[in-house]
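So the protein lines, in turn, are chains A and B.
Residue 346 in the working numbering is what sits at position 127 of the first sequence, and the numbering runs on without skipping anything.
Residue 12 in the working numbering is what sits at position 10 of the second sequence, and the numbering runs on without skipping anything.
Where hints are given, some of them may not hold.
Subject to a maximum C-alpha distance of 20 Å in a straight line, what follows is the list of computed SDA-like cross-link-like pairs (lysine to any residue) [said to hold, decoys possible]:
1. K216/B x Y460/A
2. K216/B x N319/A
3. K346/A x K292/A
4. K446/A x Y460/A
5. K323/A x I43/B
6. K309/A x Y325/A
7. K309/A x E417/A
8. K323/A x H82/B
9. K216/B x Y325/A
10. K323/A x F225/B
11. K257/A x Y325/A
12. K216/B x I447/A
13. K230/B x G372/A
14. K323/A x M337/A
15. K230/B x L371/A
16. K323/A x W289/B
17. K323/A x A189/B
18. K216/B x D302/A
19. K323/A x A132/B
20. K292/A x R415/A
21. K323/A x R213/B
22. K230/B x G200/B
23. K231/A x I447/A
24. K230/B x E318/A
Residues on chain B that point at chain A, a partial pick, calculated with CB under 8 Å [claimed, not checked]:
25. G187
26. A197
27. S198
28. V222
None of these hints come from the bench; they were simulated from the model.
What you are looking at is a predicted structure, and each value in this text was computed from that prediction instead of being measured.
Note that beta-carbon positions come from the ideal geometry of N, C-alpha and C, so glycine has one too.
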Amino acid sequence: MILSEMPVIEVKNLSHTYLPGTPLEVVSLKNVNLQLFKNETVGIIGPAGSGKSTLLHHLNGLLRPMHGDVQIKGISVSGWSGDIRVMRQKIGLVFQNPENQLFKQYAGDDVAFGPRNMNLSQKEVRKRVRNAMKMVGLPFSYKDRLTAGLSLGEKRRLALAGVLAMEPQVLVLDEPTASLDPEGRRELLGILSGWRSEGEKAIVIASHNMEDIVDLSSRVYVLVSGKILLHGATREVFSHYDLLVQNSLSVPAAAEVVFKLARRGYSVSTDVLNIEEAAREIKGLFHA
Amino acid sequence: MPEKSEFELFVKLSIGQYMPTGSVIHRLDPRVKLLLGILLIGACISSSSLIALMVLFLAVILGLLLTRVRLRLAFTALRHMIIFLLVLALIQVFAVPQLREGAVVIWHRSIFKVTDRSIISGILLVLRFAVIVLGLSLFSFSTSTTELMHGIEHLLRPFQKIRFPAHELALTVNISIRFLPILIGEAEWLMKAQASRGADFGRGKRNFIRRIRKTLPLFVPLFIISLKHAQNLIEAMESRCYMGGEGRTHLIRLHAELRDYFAFFLSIAVVSAALFLSFAHIDKAVWRWISAQF
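Please take these sequences and the hints and turn them into a complete structure.
In C-alpha cells form, the structure reads like this:
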C-alpha cells in the first residue's frame, strides 16, 4: 500500500443524523474519517447500532453526506451533479442478509438486474452473469433455477453475484457471513479474497465476526457510537483487548485465548492474531 | 442546506407517528381521546360555519401546543396534501350546482359560475380537512398504539354481549399499525439494495408510468417479507399460548381520573359551542353586522 496514492474512497469529517428536527432524531455518525486504497481490504467493526450500516450506505452515495464529504476517486459525492448510478455501479454494496432482497423468479434474471440497468448489450449481460456466477461458485445452469428453491448459502452467493456482475472496483459488504454455517462462511471468504486478488480492487467489510476481519483485512476501523474509536493495522487494533471488550467487541478467538492466559499470569506474548501464533505461544509455555 | 436522501421514507411519514414527550395530553385516558377524536370529526363534518370551524381549529392548535411537540411537525402532514385539498376546493367552487341557487353571482362565464356561497363552501372544505388532519396528528402524536388498542377494546367491550369481537378488532388494528413502520423500513431497505444495483428511483419523478414500473420489483420481496413476519408473529403468539380475548387479563387497567373528566367536559363544551354557532347561523349574523358597520 502506497500512502501517497490517491484513495479510491475517502470519507472526510462525515456526520449523519437520522430524522433531523424531530424528537426522534438520532446522531448516527460523528466526524468519521476513513480512507480506502486500491488493493487492500479494510475491516469495520463496531457494536450493534454503532453506525456501521449508515457509514457503508454513504460509501456508494445511497446516503448523501449531511456534513463532511465522501470522495470517490477524488470526486465529491455531494458535489456530483451527474448520474449517481455511475458511482453505485463502481462501488458495489452488498447488504446485510442480501438473500432477502432477491426478487426475480429465476436466479439468472436476478444476477442480470444490475448489468441490465447499465444498458449493456444482451451478449455482454450474458457474459457478465456467467462470469459472476462462476466467481461465486454457482454453475451457470443455475440461472434457470427458481430463486426461492436455493439454499441460504446459495442465495447469498447469488446475491453477491448480482453485485459482482456490475464489475465494481470496490466491494462494500455488510455482515457478509452472518447466519451462514461454517462451511458457507469459508466459501464466501474464499470468494471474496479470490475476487480481490484479481488486482486493482478493494473491499470494505463490516462484521461482528472478528475472524472474518482477521482473515481478510489489513487495516481495521473501530466504530463506537458513530465515532472512530481506533484505527490502524489489524494486528495493532486487535492488541487493544481491554478497550475492545469494554465496547462490546472482542478479538479473534485465538488471540482471546492468549489474552486470557496472560491475564491468569502465564508468560505469553499477546501479539497474536491467528491459531499458528497462539499455538507458538502455548508451546512456549511447555518449554519454559 | 444538506441534500435529503431519496430513500428516507420515514421523514415523509410524519402523520401517525407517536412522539413521546409525556405531556398532559399524553397522560389522558386513551378512551377519552378516542371519543373526543370521533366527536371532533363529527363536529367538523356537521358544522357549516366558518366561525365554528375556526373555534375547532383553535381548540386543536391549543391541544397540539399542550402536547409539546413542535407545531411544524403537525403541519408537515397537512403540507403533503395541500395540492390535493386545493383541487378539491376548486371542484367545490365551480361544480356544485346547489350552491348557485339564490346566491350572489361573482363571476360567470358560459357554464362556469362562481357565487359567494360556492367560495365559502370551498374555504369550508379546506378548513374542515385541516382541522381533521391536525386533530388526527394530535391524537397520533400523543397516543401510543398500545394505548390505542386498549382504548378501542375498552370502548367496544359493551358490544361483546352481542358477540362483537372487540378484542380481536383491537388486536387487528394494533398489528396493522405496528407493522406499518416495519414494512416501510423493509421497503426502504429494498429500494436501497436495488438502487445499489443501478435501479433508478430518484430521477424521472414526473414520469408516472416509469415510477410505477420501478416500484413493481419492490412488491414481490415486500410481500414475501410481510408473510414471513406474519408467520413469525403467529408462532410467537402460539408459543405464548395466545387464545384470543376470552378470559384475558390486562397489564394496564384504564381508569379515568379527574383530569380526564375535565378534558372530556371541556372539549364537549368547545364542540357544542361550535355546533351551536353553526346551527344558530352565526356567520350570517356576523356578516350582517359587518355590512351594517360600513
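Results for each hint:
1. In summary, the hint linking K216/B to Y460/A is not supported, as the alpha carbons are separated by about 48 Å, beyond the 20 Å threshold.
2. Between K216/B and N319/A the alpha-carbon distance is near 18 Å, which keeps this suggested pair within the 20 Å criterion.
3. Note on K346/A and K292/A: the hinted pairing is violated, with a Cα-Cα distance of about 27 Å set against a maximum of 20 Å.
4. Taking the CA atoms of K446/A and Y460/A, the gap is about 18 Å. The hint holds against a cut of 20 Å.
5. Restraint check for K323/A and I43/B: not satisfied, since their Cα atoms lie roughly 45 Å apart, outside the 20 Å limit.
6. Annotation: proposed proximity of K309/A to Y325/A is violated, straight-line Cα distance about 25 Å (limit 20 Å).
7. At most 20 Å may separate the alpha-carbon atoms for a hinted pair to count; K309/A and E417/A meet this at roughly 16 Å.
8. Straight-line distance between C-alpha atoms of K323/A and H82/B comes to about 33 Å, which puts the hinted pair past the 20 Å bound.
9. Of the supplied pair hints, the one linking K216/B and Y325/A holds, its CA atoms being roughly 19 Å apart against a limit of 20 Å.
10. Restraint check for K323/A and F225/B: satisfied, since their Cα atoms lie roughly 13 Å apart, inside the 20 Å limit.
11. A C-alpha spacing of about 34 Å is found between K257/A and Y325/A, which places the hinted pair above 20 Å, so the restraint is violated.
12. Under the criterion of a C-alpha separation no larger than 20 Å, the hint pairing K216/B with I447/A is inconsistent with the structure, at around 37 Å.
13. Of the pairs offered as hints, the one joining K230/B and G372/A holds, with about 19 Å between alpha carbons and a cut-off of 20 Å not exceeded.
14. Between K323/A and M337/A, the direct Cα distance comes to roughly 17 Å. Compliance with the 20 Å bound is thereby established for this hinted pair.
15. Simply put, K230/B and L371/A have alpha-carbon atoms about 15 Å apart, close enough for the 20 Å limit, and the pair holds.
16. About 65 Å separates the Cα atoms of K323/A and W289/B, which puts this hinted pair outside 20 Å; it is violated.
17. Of the pairs offered as hints, the one joining K323/A and A189/B holds, with about 16 Å between alpha carbons and a cut-off of 20 Å not exceeded.
18. A C-alpha spacing of about 17 Å is found between K216/B and D302/A, which places the hinted pair at or below 20 Å, so the restraint holds.
19. About 43 Å separates the Cα atoms of K323/A and A132/B, which puts this hinted pair outside 20 Å; it is violated.
20. Among the hinted pairs, K292/A with R415/A is consistent with the structure: their alpha-carbon atoms are about 18 Å apart, no more than 20 Å.
21. As the CA atoms of K323/A and R213/B are separated by approximately 18 Å, the hinted pair is consistent with the 20 Å bound.
22. Note on K230/B and G200/B: the hinted pairing is violated, with a Cα-Cα distance of about 27 Å set against a maximum of 20 Å.
23. As the CA atoms of K231/A and I447/A are separated by approximately 12 Å, the hinted pair is consistent with the 20 Å bound.
24. At most 20 Å may separate the alpha-carbon atoms for a hinted pair to count; K230/B and E318/A meet this at roughly 14 Å.
25. Interface restraint check for G187/B: the shortest CB-CB distance to chain A comes to about 12 Å, outside 8 Å, so the restraint is violated.
26. A least Cβ separation of about 6 Å between A197/B and chain A falls short of the 8 Å threshold, and the interface hint therefore holds.
27. With a cut of 8 Å, the hint placing S198/B at the interface with chain A holds, because the nearest CB-to-CB distance is about 4 Å.
28. Nearest Cβ of chain A to the Cβ of V222/B: about 5 Å, under the 8 Å cut. The hint holds.
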